[in-house]
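Undergrad: Sequence:
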Amino acid sequence: EILRAIVNSGWELNNVTAADVCKLAHGGLQVQTLSADNTLGDALKHLAENNLLTAPVLRKGQYIGMVDVMDILGELITCLEDRQRGTLRENEHPAGTYQYAIADKEVFAEVSARGLSTLKYTAKDIVEETTTLHDAILNIFLPYRYHRISVLTKGNVVNVLSQRDIAKFISRYPDILGDRGQSTIEELGFMKRRVRTVSHRDTMMKAFQIMYHSSSRAVAVVNGKGRLVTNVHAGDLKGLSSFYHLRLMICFAKSQVESPEDYPPDAIPLPMPLTCTKDETLSSVVHNMMLHGHRRAYIIDPEGHPVSEVTLSDIFKSLIKPGVDRLFSSK
1 EILRAIVNSG WELNNVTAAD VCKLAHGGLQ VQTLSADNTL GDALKHLAEN
51 NLLTAPVLRK GQYIGMVDVM DILGELITCL EDRQRGTLRE NEHPAGTYQY
101 AIADKEVFAE VSARGLSTLK YTAKDIVEET TTLHDAILNI FLPYRYHRIS
151 VLTKGNVVNV LSQRDIAKFI SRYPDILGDR GQSTIEELGF MKRRVRTVSH
201 RDTMMKAFQI MYHSSSRAVA VVNGKGRLVT NVHAGDLKGL SSFYHLRLMI
251 CFAKSQVESP EDYPPDAIPL PMPLTCTKDE TLSSVVHNMM LHGHRRAYII
301 DPEGHPVSEV TLSDIFKSLI KPGVDRLFSS K
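With the working numbering, letter number 43 in the sequence shown gets 43, and the count goes up by one each step, no holes.
One or more hints might be untrue.
Straight-line distance between alpha carbons at most 30 Å, and here's what the computed DSS-like set of lysine-lysine pairs gives [as the list claims (entries may be wrong)]: (1) K60 / K154; (2) K168 / K45; (3) K192 / K105; (4) K23 / K225; (5) K120 / K105.
It should be emphasised that the hints constitute simulated quantities derived from the structure, not laboratory data.
Given only the sequences and the hints, what does the whole structure look like? Please build it.
TA: In structure tokens, the structure reads:
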């Protein structure tokens, strides 16, 4: 029983370092950094060109923190909502009450011109190359809800470690999952997470507002029958080049065809997010996440309605059991 507890505790992750995971995920790729002197517009462009969601920020060569597309989104939404605060009742103001105005193009330009130095940073989103994967998940990723952290050696940023990198490593070595690998999503208790939804006829801005106000990185999109048809996620901000994109209906902004206007809104082809059923095993879900490049899977019922979701954070929580080191403490 003690051996089984060890195998199912995440203890084996103490034999893996941040450097090991980064080597498998990135090889010899050079880490992309930004200067605190860059603007938010520069940062958004840099992230888009390099297919990134997050990048380390340096001030005079010294690391000060990470900038994420959600940070830029927050600046934009706060500014837009503040502009309209006088025209909306306060109880209507949170997520989903934004109304497009021509003058809001000025807001987008103003936010884009702000410097990265105006954002708030933390020194908690870093680990050393020698930090074990167990400690990185338990002490950094989970308590602070980070999705990506910087990896340092002698004070210099040498890599970025993401949740997806860790999942890729676990997918490569599935024995790390222990007995959980063959347990179903329902058995592991992943049916309790609330799924936030918007309609496919809502605007991209409404979806982003809900994400911002709920500190979420994705929102499910359903049709008139409540069936999952796509989702809006943080990665959609990487392609943001003009304010026009934000006021489009989701079905047009996420369309998979060149001329979505030729289709009725309910018939526009949309990219489906990753889904699973409550009876699928954890190892199967992790494998599919890595195969399709997703960090969440929506749990759907037989009719296609989203009933819950499982994220990489949920999976990591199920792997790491705080206090397992006490199994080895001497008396």
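Undergrad: Evaluate each hint against the coordinates.
TA: So, going through the hints one by one against the coordinates:
Annotation: proposed proximity of K60 to K154 holds, straight-line Cα distance about 16 Å (limit 30 Å). In summary, the hint linking K168 to K45 is supported, as the alpha carbons are separated by about 27 Å, within the 30 Å threshold. In summary, the hint linking K192 to K105 is not supported, as the alpha carbons are separated by about 40 Å, beyond the 30 Å threshold. Pair hint K23 plus K225 does not hold up; C-alpha atoms about 45 Å apart against a cutoff of 30 Å.
Only pairs whose Cα atoms come within 30 Å are accepted, and K120 paired with K105 is accepted, the gap being roughly 25 Å.
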